[in-house]
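Peer 1: Given these sequences and hints, build the entire structure.
Just so you know, the protein sequences line up as chains D and W, in that order. First residue of the first sequence: 1, per the numbering used here; consecutive thereafter. First residue of the second sequence: 304, per the numbering used here; consecutive thereafter.
Everything labelled a hint here was simulated from the structure, so no lab data went into it. Here a beta-carbon is modelled for each residue, glycine too, at the ideal position from N, C-alpha and C. There may be inaccurate statements among the hints.
[To be verified] Away from chain W, derived, C-beta distances all over 12 Å, residues of chain D:
id, residue
1, 46
2, 62
3, 68
4, 144
5, 176
6, 183
7, 238
8, 261
9, 282
10, 291
[Claimed, not checked] For each label pair, taking beta carbons as the anchor points, the in silico distance ranges come out as:
id, chain 1, residue 1, chain 2, residue 2, range
11, D, 187, W, 626, 26 to 36 Å
12, D, 187, W, 342, 34 to 44 Å
13, W, 476, D, 257, 50 to 60 Å
The chain contents come next:
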Amino acid sequence: MPDELTPSPDSPRPAATPPPNPAEGPGKGEIEPILTVPPVPGAPKPNPILTVDNLARSFGGLRAVDVDHLEVERGVVTALIGPNGAGKTTLFNLLSGFDRADSGRWSFDGRAVTAPAPDQLARQGMIRTFQLTKSLAKLTVIDNVLLGAPGQAGERLWTAPFRWRWRDQERENTGRAEELLERFNLAHMRDELAGTLSGGQRKLLEVARALMANPVLIMLDEPMAGVNPALGQSLMRHITLLAHEGMSVVFIEHAMDVVTGLSDWVVVLSQGRIIAEGPPWKVIHDDDVIDAYLGRRRAGDAL
Amino acid sequence: MDFDIIFGNAARAAFGPEAVILALAAIGLNVHFGFTGMLNCGQVGFLLLGAYGTSVSVATFGWSLWAGVLIGLFLSLALAAALGFPTLRLNPLLFAIATIAAAEIIRILIGSTDAIGLTGGPLSVSFDAGAFYDLNPYPDGPQDRYGIGTFEFTGQQLWVITVGWALIALISLAIFLLVRSPWGRVLKSIREDEDAARSLGKNVFSYKMQALLIGGGIGGLAGVIDAIKTSGADPNGFRPQVTFFAYAALLLGGAATYLGPVLGAVLFWFLREWIESFLRQLASESWLPGAASDFLDGAEGIISVAMVGLALVLLMLFRPQGLTGNRTELHLDAR
Numbered sequence: 001m002p003d004e005l006t007p008s009p010d011s012p013r014p015a016a017t018p019p020p021n022p023a024e025g026p027g028k029g030e031i032e033p034i035l036t037v038p039p040v041p042g043a044p045k046p047n048p049i050l051t052v053d054n055l056a057r058s059f060g061g062l063r064a065v066d067v068d069h070l071e072v073e074r075g076v077v078t079a080l081i082g083p084n085g086a087g088k089t090t091l092f093n094l095l096s097g098f099d100r101a102d103s104g105r106w107s108f109d110g111r112a113v114t115a116p117a118p119d120q121l122a123r124q125g126m127i128r129t130f131q132l133t134k135s136l137a138k139l140t141v142i143d144n145v146l147l148g149a150p151g152q153a154g155e156r157l158w159t160a161p162f163r164w165r166w167r168d169q170e171r172e173n174t175g176r177a178e179e180l181l182e183r184f185n186l187a188h189m190r191d192e193l194a195g196t197l198s199g200g201q202r203k204l205l206e207v208a209r210a211l212m213a214n215p216v217l218i219m220l221d222e223p224m225a226g227v228n229p230a231l232g233q234s235l236m237r238h239i240t241l242l243a244h245e246g247m248s249v250v251f252i253e254h255a256m257d258v259v260t261g262l263s264d265w266v267v268v269l270s271q272g273r274i275i276a277e278g279p280p281w282k283v284i285h286d287d288d289v290i291d292a293y294l295g296r297r298r299a300g301d302a303l
Numbered sequence: 304m305d306f307d308i309i310f311g312n313a314a315r316a317a318f319g320p321e322a323v324i325l326a327l328a329a330i331g332l333n334v335h336f337g338f339t340g341m342l343n344c345g346q347v348g349f350l351l352l353g354a355y356g357t358s359v360s361v362a363t364f365g366w367s368l369w370a371g372v373l374i375g376l377f378l379s380l381a382l383a384a385a386l387g388f389p390t391l392r393l394n395p396l397l398f399a400i401a402t403i404a405a406a407e408i409i410r411i412l413i414g415s416t417d418a419i420g421l422t423g424g425p426l427s428v429s430f431d432a433g434a435f436y437d438l439n440p441y442p443d444g445p446q447d448r449y450g451i452g453t454f455e456f457t458g459q460q461l462w463v464i465t466v467g468w469a470l471i472a473l474i475s476l477a478i479f480l481l482v483r484s485p486w487g488r489v490l491k492s493i494r495e496d497e498d499a500a501r502s503l504g505k506n507v508f509s510y511k512m513q514a515l516l517i518g519g520g521i522g523g524l525a526g527v528i529d530a531i532k533t534s535g536a537d538p539n540g541f542r543p544q545v546t547f548f549a550y551a552a553l554l555l556g557g558a559a560t561y562l563g564p565v566l567g568a569v570l571f572w573f574l575r576e577w578i579e580s581f582l583r584q585l586a587s588e589s590w591l592p593g594a595a596s597d598f599l600d601g602a603e604g605i606i607s608v609a610m611v612g613l614a615l616v617l618l619m620l621f622r623p624q625g626l627t628g629n630r631t632e633l634h635l636d637a638r
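Peer 2: See the structure below:
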């Protein structure tokens, strides 16, 4: 693959082993403020982008989400893990306004979210992707990505018919979109309809589209499912790079090596509740997490 | 059997006022259904309000024709807003039901005997569209005909279709400019997946409302032209099949294309009139058995509509994207 970010097949997978000194996060030299946070459920963070209080959602008799308190730190990569049906996607849906909570309050980027509307939250910078990919089949790949660009003058009815009013912005956006396509190994599909892409490519396209929106917080629901591992990891490394530039990332993932290798912080959800959180190398040793999710052997594998 | 006459009839229908009205109705539907994915099953309601808004303003209230035209357009936009606010947030199928119900309710109310004083009720309404024909630049003597051979129009007809086709050209151009822009990209994204559009910060309700107003207004304009053409309006002219003829035209020509609805409307009327004229001539042929003549006599119109329906079925089987559509696009849904 031509992508410079794609590791060659024999390059080592991201370190799954804990660093010798826990004060040095994986792959970083300086002490991150997040590492001063005690690894207990609901722990307050130094600079949270997202703060959630008493969030609950039931489906019939099933309490799908029941979070007392959760803070997501700004500018770090947070992994959300947990067994199937733990409520990870439901939590995403609630926070992004795609589902209505029975009760609860949360604030995003310093603003209380009172009437959560998905488009409004997205315009404030909370961009999410979906577990079941939502590529726009009858739009071209480049149009899919361009759709993500925020603040487009040409999207207003009164300016849309007058091309000179939006041509420059469109050209600029197209340049950025092409860079993203290049990065995501989709450049050769630029003018194909998105419906002709494979499942994994659609997943990549959705992430590219989300990044096009310049998110403050990006929430990725299993971004690597169906993506070939090498490309997926290069992708996620790109995303962690963006996190170091200030973007906050939350992602749902099942592959523990990815979680331990890429995340700065892990939140474990089980039966709708947060049962543990902390740096990855601590969380995987937590007895509750092992019982609820990893299993004795799996925890050993992850190490 | 005179094929010259058959062809002349068909060609006149294909470019005459009826085709203009159908084309505009289908262009409006294309904005709703083709580009935004809204299943509007009550397009005829917009035509009805355009036609009755014009007719009633002039006939009942004695206002000028141009005031009537504006009122007709305003009423069709008002219908779009009134329909959109409660239903656009709902399931798309509920929207479809709401539109067909609204159009029928309006037709029944306007055509009821209680409404005779206002709309003429079942008696229909007529008015003097002289203000429009005063502008007619074509000499319109009883002998004046424009066209070639059997394909010819009177001066008045030619004036109506000149204005009509000019409007179609203008509106098609406007739609083209809008849809190729980022605004159009948002519309199509809503058609493909509303939630994806929402997740990227697009106000889906607002865009759907804009599309509904634009398409409804174009439908209203079709109604205004209908009223001017017939100098009046009749509730029976606005039955639900008008919407489905517009869908037939749209699908024939190709939904979500710029010229599809226009091409489809021309073709729809050409086929329909060709078949009807052909059958009418056939019925009077001496070699035809008496029973067959009796069967055809008076049924030509119905049979021709049925044949157009059959053509549509065949088209869906062999060229489902319509005449101008893109086949790969269509097949993406099946993946």
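Peer 1: Could you run down the list of hints and mark each one as holding or not?
Peer 2: Going through the hints against the structure:
1. The non-interface label for residue 46(D) is consistent with chain W: the shortest C-beta to C-beta separation is roughly 28 Å, beyond 12 Å.
2. Non-interface status of residue 62(D) relative to chain W is upheld: no Cβ of that chain comes within 12 Å, the nearest being about 23 Å off.
3. The claim that residue 68(D) is not at the interface with chain W holds, since no C-beta of that chain comes within 12 Å of its own (minimum 27 Å).
4. With a least CB separation of 8 Å from chain W, residue 144(D) falls inside the 12 Å interface cut-off, contrary to its annotation.
5. Every Cβ of chain W is farther than 12 Å from the Cβ of residue 176(D); the closest lies at roughly 14 Å, confirming the non-interface assignment.
6. Every beta carbon of chain W lies more than 12 Å from that of residue 183(D), the smallest distance being close to 19 Å; the non-interface claim holds.
7. For residue 238(D), the non-interface assignment is confirmed: its Cβ lies about 20 Å from the closest Cβ of chain W, beyond the 12 Å cut-off.
8. Distance check on residue 261(D): its Cβ is at least 27 Å (rounded) from any Cβ of chain W, clearing the 12 Å threshold; non-interface status holds.
9. Every beta carbon of chain W lies more than 12 Å from that of residue 282(D), the smallest distance being close to 33 Å; the non-interface claim holds.
10. Separation of residue 291(D) from chain W is adequate, the least Cβ-Cβ distance of about 35 Å exceeding the 12 Å criterion.
11. Taking 26 to 36 Å as the suggested C-beta distance range, the pair residue 187(D) and residue 626(W) conforms, at roughly 34 Å.
12. Distance hint check: the CB atoms of residue 187(D) and residue 342(W) are about 36 Å apart, consistent with the given range 34 to 44 Å.
13. For the pair residue 476(W) and residue 257(D), the supplied restraint of 50 to 60 Å holds, since their beta-carbon distance comes to about 57 Å.
Against the hints set out earlier in the document, a violation occurs for number 4 only.
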